[in-house]
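Asks: Taken in order, these protein sequences are the chains called A and B. Note that this note's numbering has the first sequence beginning at 358, numbered continuously upward. Note that this note's numbering has the second sequence beginning at 82, numbered continuously upward.
Errors might be hidden in some of the hints.
Below, computed lysine-lysine pairings styled on BS3-like, alpha-carbon distance capped at 30 Å [stated by the list, open to error]:
1. A:Lys431 to A:Lys610
2. B:Lys270 to B:Lys349
3. B:Lys427 to B:Lys244
4. B:Lys168 to B:Lys401
5. B:Lys401 to B:Lys141
6. A:Lys431 to B:Lys168
7. B:Lys227 to B:Lys168
8. A:Lys610 to B:Lys168
9. B:Lys216 to B:Lys227
10. B:Lys116 to B:Lys401
11. B:Lys116 to B:Lys141
12. B:Lys272 to B:Lys244
13. B:Lys515 to A:Lys431
14. A:Lys431 to B:Lys227
15. A:Lys431 to B:Lys401
Simulated from the structure, these hints should not be mistaken for laboratory data.
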Amino acid sequence: MSTTEVSPARPAAASGTGPAPARRPRTFAQANRRLKWAMLTPALLFVGLMIVFPLVYTIDLSLTDAFGAVNAGKGYVGLQNFTDALGDTRRFWPAAQRTLVFTLGAVILETVLGLALAMLMRKPFRGMRWVRTVLIIPLLTTPVAIGILWLLILDPTNGIANHLLAGIGLPRQEFLGSVSQSLPTLMLIDVWQWTPMMTLLLLAGLTTLPEEPEEAARVDGANAWQRFRHIVLPMLGPTLATALVLRAVDALKTFDILYATKGAGGGSDFEVETLNVYAYGLTFDYQEYGLAAAVLVLFTLFIIGVVVLLRRRGGRKTA
Amino acid sequence: MSTSSQLLSRRSFGRLAAGAVGTGALSACTTGGGKPSADTPLRIMAINHVWSQAIRRRTKEFEERIGRRVSMTLLTADQLASSYNVKLNASGTDVDVMMVRALQEQLLFAHNGWLADLSDRVAQDEEFAWPDFQKAPRDASVSGGKVLSVPVVTERPALYYRKDLVEDHGGPPPTLEQLMATAQELTDKRKGFYGFVGRGQRSGAVSQWSSFLYSHGGDFVVGGRSGIGTPEALAAYEYYGRLLARTGPPGATNMSLEQAMPIFAQGKAAFYIDADAIYSSFLDPQVSTVRETVGFAPFPAGPAGARPHNIPSWSLGISKFSLLRDDAWEFIRWAAGPGMTADLQKDGIPGARTSVWSDPRSLASFPPDLAEAMRLNAERGLGYDRPRVLQVGRARDIVGRPLVAGILGNDVRPVARDADAEFAGFLVRDNRHKES
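Input sequences plus hints: build the corresponding full structure.
Replies: Structure below.
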């Protein structure tokens with residue numbers, strides 16, 4: 358059966374003279390292609406406006422000395438901002454290091470705890486529904502609210518955490534009030550909030566695994582650890598890699614909880630100033646738009662690098 | 082049914098897209114550059130402060146006066162600063178009256194051309210009585226020879242103290258030396274009681290520390306160069322660091338107004354130095370357990386005498402992009418006029434007009450010891466509490482570093498030396514920006 362169809366003749370009024378020529382036959386595939394583009398256009402426009410334009414604009418801004426106002430008499434300075442940022446051992450490199458430490462610390466803990474919880478929840482048990490509901494609660498709360506909540510709980514003078522510590526005879530801690538304890542405390546808050554997501558993702562992965570290989574290993578005398586190490590973990594590899602990439606990218610970009618608890622500048626000794634917090638400060642506190650844009654471009658490249666690295670590692674493991 | 086009949090041809094799609102873009106551009110022009118309709122509200126962006134809350138309660142009166150609705154948005158200081166950055170960078174016309182910190186943002190906003198020049202308006206309006214404003218706040222309102230804002234709230238540091246505890250020590254300390262000694266005697270960290278509480282955050286503490294700096298004979302900039310490496314500044318750094326490290330609560334380096342104030346309000350500290358404008362927090366039974374015992378005193382004298390700051394903490398300006406500048410000016414005339422300033426000061430909100438401060442009736446609402454402390458501090462005060470530069474945020478970050486070192490109990494000298502060198506370089510760059 359032919360898919361060709363004949364279009365109706367163009368009305369005479371359209372051309373103004375005589376009978377209109379017949380429109381070219383159009384295949385279904387051609388029509389479908391046009392429909393596809395028509396349907397895609399709003400999404401493409403959106404991506405262009407919301408992603409491509411800001412990205413291009415940021416790159417353009419990073420090559421200028423924009424200060425004070427974005428458009429106020431900026432001049433192009435080439436790669437000067439990148440040189441300045443990469444040569445800044447006072448703020449940029451410590452911030453990059455903190456970003457990495459925060460991400461690695463939080464994600465490793467979340468993965469280990471998430472996997473442990475997922476393994477525990479693998480077999481149905483009484484009250485499982487309740488446990489899952491409780492697990493979801495931290496995920497549903499906004500980071501700023503979580504920041505304020507933990508700020509109150511961990512307040513060195515009036516917070517409940519120190520009352521509890523004193524109750525069991527342990528010394529009072531400064532937690533978020535301390536220069537040295539702030540970053541580890543924030544990592545633990547991140548772990549508290551995001552471990553449930555890792556648990557749920559890994560649990561979803563675990564439920565799709567076939568049971569036969571494990572059964573066979575059990576019959577062959579493998580103990581629980583051996584079954585987990587040599588059967589479950591390799592099979593869970595793709596899910597684990599995806600969960601790791603998702604969480605790592607999210608952890609790298611953490612901003613709100615750091616800002617809500619330690620304010621602008623990442624604390625009094627810049628103790629929780631990550632690249633995100635640094636770029637925010639350059640933009641909104643210092644109005645150094647050119648330098649801030651350069652830091653953000655470097656940060657984006659850094660994130661892309663981490664994702665590529667994780668995907669390669671994940672791909673190698675699952676290959 | 083024909084499939085093609087449902088499709089857009091390439092040409093008609095192009096027309097549709099061009100039409101959409103054209104309509105968007107036209108509508109953008111209409112809202113951006115057109116004359117606002119009578120329904121357009123006068124948009125005021127302000128800090129969430131007792132002054133703006135009091136004004137908001139009275140806006141009906143103003144709406145009836147100009148025949149236009151008023152829309153007032155109250156935000157925190159950080160939110161307000163970020164909103165201005167975003168809106169004014171985009172030349173947004175949706176802000177008319179701006180509440181600004183003359184000492185924090187005005188110079189930068191002037192550099193960016195974001196504030197309308199009010200020089201002619203204040204000069205030509207006799208009823209508004211511009212010369213009636215105190216000199217220091219009036220001077221802070223002028224940038225590049227133009228009046229860019231009108232001060233509405235002024236601020237000085239007050240020494241808040243616990244009368245019941247300090248009585249046996251001869252009353253509130255008149256000198257910084259005595260403050261240190263009494264605070265140390267009253268501190269009992271094991272019981273969770275502290276001799277002194279104050280701001281300790283790197284940037285947030287700088288404005289309060291300025292009074293300690295001036296009273297030690299120092300300044301942020303001396304002869305156009307960094308003054309934070311001078312012996313006087315070093316002594317002020319060491320004093321403030323020692324005071325908070327020895328007698329302050331744990332976690333002081335994370336404390337700004339919001340964290341320090343409740344500690345005093347909940348009866349856990351003997352002394353607290355912060356803005357006098359927040360005194361009502363300690364008289365409010367809902368937040369304070371010390372309302373019966375709180376006392377107010379002037380800033381204690383240091384080696385160079387008592388030299389606190391006396392600043393316009395908040396002012397009103399008009400956005401350069403506003404389409405309702407006349408109505409915005411009417412608002413400023415009304416909100417910062419002699420009548421309103423007197424009314425608000427009677428409600429306990431310190432204004433910036435000399436006439437109001439010299440009228441005993443306007444001080445009647447303040448506790449007598451606070452009114453006296455305010456009067457003395459205003460008399461002795463300097464008109465700024467932070468470096469007067471374009472990038473105030475960056476300057477505060479640099480100046481505040483040795484403060485933090487002192488509070489952490491570290492040696493202040495090497496950090497101050499380093500900060501001094503950084504501040505010197507910063508001042509050169511800042512001057513270059515000013516000239517650009």
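Asks: Any of the earlier hints contradicted here, and which numbers?
Replies: none
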